[in-house]
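J.: Below, each chain spelled out in residue letters.
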Amino acid sequence: MEYLNIVFQEVYKILFLLVPVLVSVAMIVWLDRRVWAFVQKRQGPNVVGPFGLLQSLADALKYIFKEIIIPSSSNKVIFILAPIVTMTLALIAWAVIPFSATQVLADINVGILYLFAVSSLGVYGIIMGGWASNSKYPFLGAIRSAAQMVSYEVSIGVIIINVLLCVGSLNLNDIVIAQQNLWFVIPLFPMFVIFFISALAETNRPPFDLPEAEAELVAGYQTEYSGMMYAMFWLGEYANILLMCAMGAILFLGGWLSPIDIYPFTLIPGAIWLILKILLLFFLFALVKAIVPRYRYDQLMRLGWKVFLPLSLTWVVLTASYLFYFNLLPTN
Amino acid sequence: MIAHAIFFYTFSIIAVVSAIMVTVSKNTVHSVFFLILDFISISCLFIMIGAEFLGMIMLIVYVGAVAVLFLFVVMMLNVAQQKNQWFASAASSKHIPVGLIISTIIFFELIIVIGGWKYKPEIFDVNNSLKVSGLSNTHSLGQVLYTDYIHIFQISGMILLVAMVGAIVLTFRQRSNVKRQSYLKQISRERAEGVSVVEVASNKGVKTDD
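Going line by line, the protein sequences match chains A and B. For the first sequence, counting from 1, position 19 maps to 20 in our numbering; every step adds exactly one. For the second sequence, counting from 1, position 23 maps to 85 in our numbering; every step adds exactly one.
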């Protein structure tokens, strides 16, 4: 009976976290399309509901009632598993995101490693989908995407080391609290920029959306997917984008801390600040999609391995030497 | 305690079954996926005994990077077909003794290690002071790795670097007939180099040479 109680409590907590995440994913798709449209002097989706807010829900309804087509030559188990993996991985990562000092589902010691691990597993959904489709375009898209995500993960890892050097803990709440006086975006600004660009590549967003470059690869690894399975890829992708924004907000923008530590601002709960920061980063993501042309594949690889990796490694040495020389290394 | 046991047996059964499936399954890509499942359940077991750092590193390094490269190679090379041919032909029997010898050696090594750990625990307790200090997993690992074993740690890093450089040197070949794209050359091109205005005489046309 006791166990059952605990299980119910946890399920309640998980639902309380996941339902808002899923709803906000739907909203964020609308925001993305809207920002994209405004940059190009279009209206964007503005018909369904006020300002077109319910557009994503209408789309989801459409996807649910569409037929799921499974190609006869595909590897059926893996084909069906792929969107599930993408979606699950995008959602389980939210377990460690702190919304305030106490509002966190799992306050684990190695929070940032967990986030990094889950985001590095995200490549499997794409590889599985691309391979199981047993078709040229999805396979090419999957191979491209795997190479791209593995490359940019390296630089994200090194950037995380930069932040960890300044914090001295892998716990996400500790990382946020360490930024009480100074957000890491100021001393580590170049790292923030590199993190942002790597996050674009890691989530296959334009200008790095080569895995689904429609001019060359139809829709990349999603080509053979239809109906709800396609929608799950799509939801997982946007949940991942939100997650990357949350990671950026926690690592560099002070997570749930309020920007100014004086009276009226401190009244606003931390969750709101975190959401505002995530939205700010997402707005930048959407802007980049609208204004930057797609990278060529060799340039993408060059940027990842020859520019970002050396730069972030050098910055690690720099940060470490600075902290060591001025005796600022965190100790506990 | 019961919940702990349930989780432990679930993860370990998944780990053992998927380890068997890695060797048994006909399709090579499937066996890589089973290998990944194996890695994940082992990292879950690591987390269960409180080695959270090791579990996460297992996920990041093995599942996030190594297994992706495995998948790459397996998908590209069409190993499944080669393996089936290999099993069908008579030549395969030559490899069985070698495999048997290696697996026996590994088996005995495991017996020695596990037996010693079970019956002579004091041999393996190198440093007891870390257990009582109450530090988190990551801290205590760091304190051992970067103090007592710093040289071994650095040497292992150097070996990995040498292995990487070696692999690159072995597989790198300069191909002469490939058009290479120079990034700097491309962006420093001027309009005058690419475009020219030509007066074309009627009925003559223009001769282009490229």
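What the hints contain is simulated information worked out from the structure, not anything from laboratory work. In this text the structure is predicted, and so the values were computed from the model without any measurement. Where a beta carbon is used, it is the ideal one built from N, C-alpha and C, also for glycine. Certain hints may be false.
Cβ-Cβ distance ranges computed for the label pairs, FRET-style [to be verified]:
no. : chain 1 : residue 1 : chain 2 : residue 2 : range
1   : B       : Y245      : A       : I93       : 54 to 64 Å
2   : A       : Q300      : B       : K182      : 27 to 37 Å
3   : B       : V78       : A       : K307      : 41 to 51 Å
4   : B       : Q216      : A       : L268      : 14 to 24 Å
5   : B       : V135      : A       : Q300      : 45 to 55 Å
6   : A       : F39       : B       : R242      : 35 to 45 Å
7   : A       : Q300      : B       : N239      : 17 to 27 Å
Here are the simulated lysine to aspartate or glutamate pairs, DMTMM-like style, with alpha carbons at most 20 Å apart [unchecked claim]:
no. : chain 1 : residue 1 : chain 2 : residue 2
8   : B       : K241      : A       : D108
9   : B       : K247      : A       : E217
10  : B       : K182      : B       : E171
11  : B       : K241      : B       : E261
12  : A       : K14       : A       : D108
13  : A       : K290      : A       : E217
If you want the ones that stay clear, here's a sample from chain B, every Cβ over 10 Å from chain A, calculated [said to hold, decoys possible]:
no. : residue
14  : V86
15  : I168
16  : S198
17  : H213
J.: It remains to establish, for every hint, whether it holds in the given structure.
T.: Status of each hint after checking the structure:
In this structure the supplied range 54 to 64 Å is violated for Y245(B) paired with I93(A), their Cβ-Cβ distance being about 39 Å. The supplied range of 27 to 37 Å is broken by Q300(A) and K182(B), whose beta-carbon atoms lie about 59 Å from each other. Between V78(B) and K307(A) the C-beta distance comes to about 43 Å, which sits within the given range of 41 to 51 Å. For the pair Q216(B) and L268(A), the supplied restraint of 14 to 24 Å is violated, since their beta-carbon distance comes to about 51 Å.
Evaluation of the 45 to 55 Å hint for V135(B) and Q300(A) yields a failure: the beta carbon distance comes to about 25 Å. The beta-carbon spacing between F39(A) and R242(B), approximately 41 Å, falls within the hinted interval of 35 to 45 Å. The given range of 17 to 27 Å is respected by Q300(A) and N239(B), whose C-beta atoms sit roughly 23 Å from each other. Distance restraint check for K241(B) and D108(A): the Cα-Cα separation of roughly 53 Å exceeds the 20 Å cut-off, and the hinted pair is therefore not satisfied.
About 25 Å separates the Cα atoms of K247(B) and E217(A), which puts this hinted pair outside 20 Å; it is violated. Taken as a hint, the K182(B) and E171(B) pair is honoured in the structure, with Cα atoms around 16 Å apart against an allowance of 20 Å. Between K241(B) and E261(B), the direct Cα distance comes to roughly 32 Å. Violation of the 20 Å bound is thereby established for this hinted pair. A C-alpha spacing of about 13 Å is found between K14(A) and D108(A), which places the hinted pair at or below 20 Å, so the restraint holds.
Between the alpha carbons of K290(A) and E217(A) the distance comes to roughly 18 Å, so the proposed pair stays at or under 20 Å and holds. Even its closest Cβ contact with chain A, about 16 Å, leaves V86(B) beyond 10 Å, as expected for a residue assigned away from the interface. A cut-off of 10 Å between C-beta atoms confirms that I168(B) is not in contact with chain A; the least separation is 28 Å. Distance check on S198(B): its Cβ comes as close as 5 Å (rounded) to a Cβ of chain A, failing to clear the 10 Å threshold; non-interface status is violated.
H213(B), annotated as away from the interface, keeps every beta carbon of chain A farther than 10 Å; the closest lies near 20 Å.
Against the hints set out earlier in the document, violations occur for numbers 1, 2, 4, 5, 8, 9, 11 and 16.
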